[in-house]
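First to last, the protein sequences are chains C and Y. Each residue of the first sequence is one higher than the one before, counting from 1 in the numbering used here. Each residue of the second sequence is one higher than the one before, counting from 1001 in the numbering used here.
Hints were generated in silico from the structure; no laboratory data involved. Heads up, some of the hints might be wrong.
Simulated coverage check for chain Y against chain C, where a stretch passes if three residues somewhere in it have a Cβ under 8 angstroms from a Cβ of chain C [what the hints assert, rightly or not]:
hint, segment
1, 1132-1142
2, 1164-1178
3, 1199-1207
4, 1301-1311
Just a sample of chain C residues kept apart from chain Y, beta carbon distances all over 10 angstroms, derived [claimed, not checked]:
hint, residue
5, 78
6, 205
7, 239
8, 253
9, 346
Even glycine gets a Cβ: it sits at the ideal position worked out from N, Cα and C.
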Amino acid sequence: MPTSPSDARDLAIVGAGPAGLSAAATAARLGLTVTLLDAAPRPGGQIRRHPAPGLRTGPPDPSLRRAQLHPLVRHLPRHHVWSAARGETGLWTVHAVTGDDGDGERPVRVTARALLLATGAHERHLPFPGWTLPGVVGAGGAQAMLKSDLVLPGRRVVVAGSGPLLLAVASSLAAAGARVPAVVEAAGYLRYARRPAALAADPRKLAEGAAHLAALLRHHVRLLTRSAVTAAHGTDRVEAVTVTRLGPDWRPLPGTARRLPCDALAVGHGLVPQTDLATTLGCATRRTADGTFALLLDDDLETTVRGVWAAGESAGVAGERAALAEGELAARAVARRLGRPAALSPALRRRRARLRAFADAMTAVHAPGPGWTGWLPDATEVCRCEEVTAGRVRAAVRDLGARDARTVKLLTRAGMGWCQGRTCGQAVARLTAPDGRPAAPERRPFAVPVTLGTLAALDDTPHGKEPR
Amino acid sequence: MVLAVSPTRPPDVIVVGAGAVGAACAYHAARAGLSVTVVDRGPVAGGTTGAGEGNLLVSDKEPGPELHLALLSTDLWRELADALPPDIEYEAKGGLVVAPDAGRLDALRALAAAQSAAGAEARPVPAAALRDLEPHLAPGLAGGVHYPQDAQVMPALAAARLLRASGAALRLGEEVTALLTTAAGRVRGVRTTRGDLHAPCVVNAAGAWAGSLGRAAGAGLPVRPRRGFVLVTEPLPRVVRHKVYTADYVADVAADTAALRTSTVVEGTAAGPVLVGASRELTGYDRTLSLPALRRLAAGAVALFPVLAGVRALRTYAGFRPCLPDRLPAIGPDPRLPGLVHACGHEGAGIGLAPATGLLVTRALTGGELPAWARAFRPERFATAPKEPRPETPTPPR
């Protein structure tokens, strides 16, 4: 069924986090018609998940909350985008299914002259013995639980992994009444001192960090740097963790292990840009300082595929304020491309560059060291969906000729299950690559699963309308 | 990376390509007493093998040399299934080809009769009995043919296990950039991104990229990549028991056209997911997702098995079938360049035809004559043909 131009919007935005909302608000202000698709029931993304009362997560920028109400913005919540493609007319078609987890499943499509991907990031997990025990949750997941319904993962929660998120999670947990015996950070915070220029670029971020640290002190939370949780213990759920000191390459130092009792562990090793939709469209990526891949953008935030822009974490994890700036910059560039007057805003560009420089320095400090595999014995499961152990992954490399995550997947089924490697992909890639760093971004042509019935009826899919 | 201990002296043969065909060549050559080194620019099964469904088919082969090759391979795969670890998931599940209408059923039955006469097992199935074989098949089909010899393996593991069983030295992540030749015009090895490797014989098992290996030395082949997409569903209990496909498939494989063609191929796997194919188009080495191709694959699958409409596809991927102008493989020595033996151009049938190909290649490597029926696969058959395949023509009648 050909699409009539009258159905087309000026801009389709995938993702209603800070970057997507900022882009939508700017684009609408500049007179563009916008459709904003997001999987969640409410806008805000991971970082602004419906903050629970009493938690000081900071109010979202009111202009952003208004973005979804702007008459030129059509907000489609609970829309899971599984693919996007350029049609013969040069218009972009975004394909989505509706429902809380895509289960509903009503297929919908949106056509637009320009496409902006603000798909965010997901958490990186580096497995260790016991990581699949009940009571072990992702650090980002713990934060989300707190924000959405004030559920504590436990009463005595160890926070571990690497990255600035850990401090935020620990202070949220402590503020919500949990005991946090320790924050276990694999990187050495002293490494920040080696990058003074980049740090000076974003004093607000430093102040945020200092505030979190002060909050932790107030709650008697110990910060253990250059350390990792190298095992979680328990039968029905986690009862204790082993904390081990790490060398500079994250190799666990023998003889330094000690046990820490707890009833929950919130663990995360940084964030990985979500690039599935973009790489399927052919957008090029760049390697980030922590060895993952982010979208490669030009100064106008356009990807290497003409007509596709990106903003926020999918272009490299840099936090909320960078995402807000990028959403606005990208929307302005889209408006210019569509022939609307929109100023270049050099000041905003400089601001973005500053925030990015800070984020890159931070990413480098928290980049997983290759020694992490030292806490991963052969018997530990790496892929939970398909129950593939580290030993089998290593054997596929050693004995069967695998050199990348894709071949390991073919030979062991690691990453073939429901999550399609979203949980284990980073670990498998790092365990497999000859130099410990993934050689290419993971590819997932379907950003979410889609039924064969939906695929078969692709040409008859209705256009997305506001569900009111 | 060298996985096995490199022989201190040069090997007898270098196999270029660590896919199913290269692995089978290495396996048979090693069993014949030759020392073998396998070189691949990527990992094991990184090309067509890793993107395929692992079909070992006799059902889609025209009576003649290719069916002969397929029947020989069928026997060899059965032996390999006993010799290799069970994780290659060999399963003699059988194939079921169905025809939607009387006209296509007649053509299918005629093909089946000719295949039977050539030694294949092909049993006509009346419309009423189709659901005994496949309970979830859509009503209204005209009938079909059951091919008990059709089988399946997990292709990447099969190739990896074959290579390991061969004991060949594996050099992965090492790209062959040129053939080395003597002043007298004989192969003496390969140049790779890591240096020169010497051997009196080189086997070209470079799959969809095999066309260019010998080109600079005057021994190129018109191999072109024929793109195909596969849809992979969530794991299911056994809803599809055989490899089930529509009678159009055979015509599609043989069709001489660049445009997108799809025929419906549906099969379950030992691990649970259902695989849906098969699209064919000549688009170069372009992996960009094609929603029109996926739409046609999904529509075909749902038409054959309505129960699949509510089943989710978890992933899809593209692969490139190495395709020669006459859709037959090139197997045997290249008279233009002594020492070079080709084993490529199997289209989508490389995994299925690999063992017999390995056997023929080994015969050539050890100085033996190839049987008369294998003359159809002579690599030099394209030497005088025009460089580009014929322009698009209608599907030849079968």
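For each hint, the structure was consulted:
1. 1132-1142: violated (count 0)
2. 1164-1178: holds (count 4)
3. 1199-1207: violated (count 0)
4. 1301-1311: holds (count 6)
5. 78: At about 17 angstroms from chain Y, residue 78 of chain C clears the 10 angstroms cut-off, so the statement holds.
6. 205: holds (38 angstroms)
7. 239: With a cut-off of 10 angstroms, residue 239 of chain C remains clear of chain Y, as the shortest Cβ separation is near 33 angstroms.
8. 253: holds (29 angstroms)
9. 346: holds (36 angstroms)
In this structure, the earlier hints numbered 1, 3 are contradicted, and the remaining ones agree with it.
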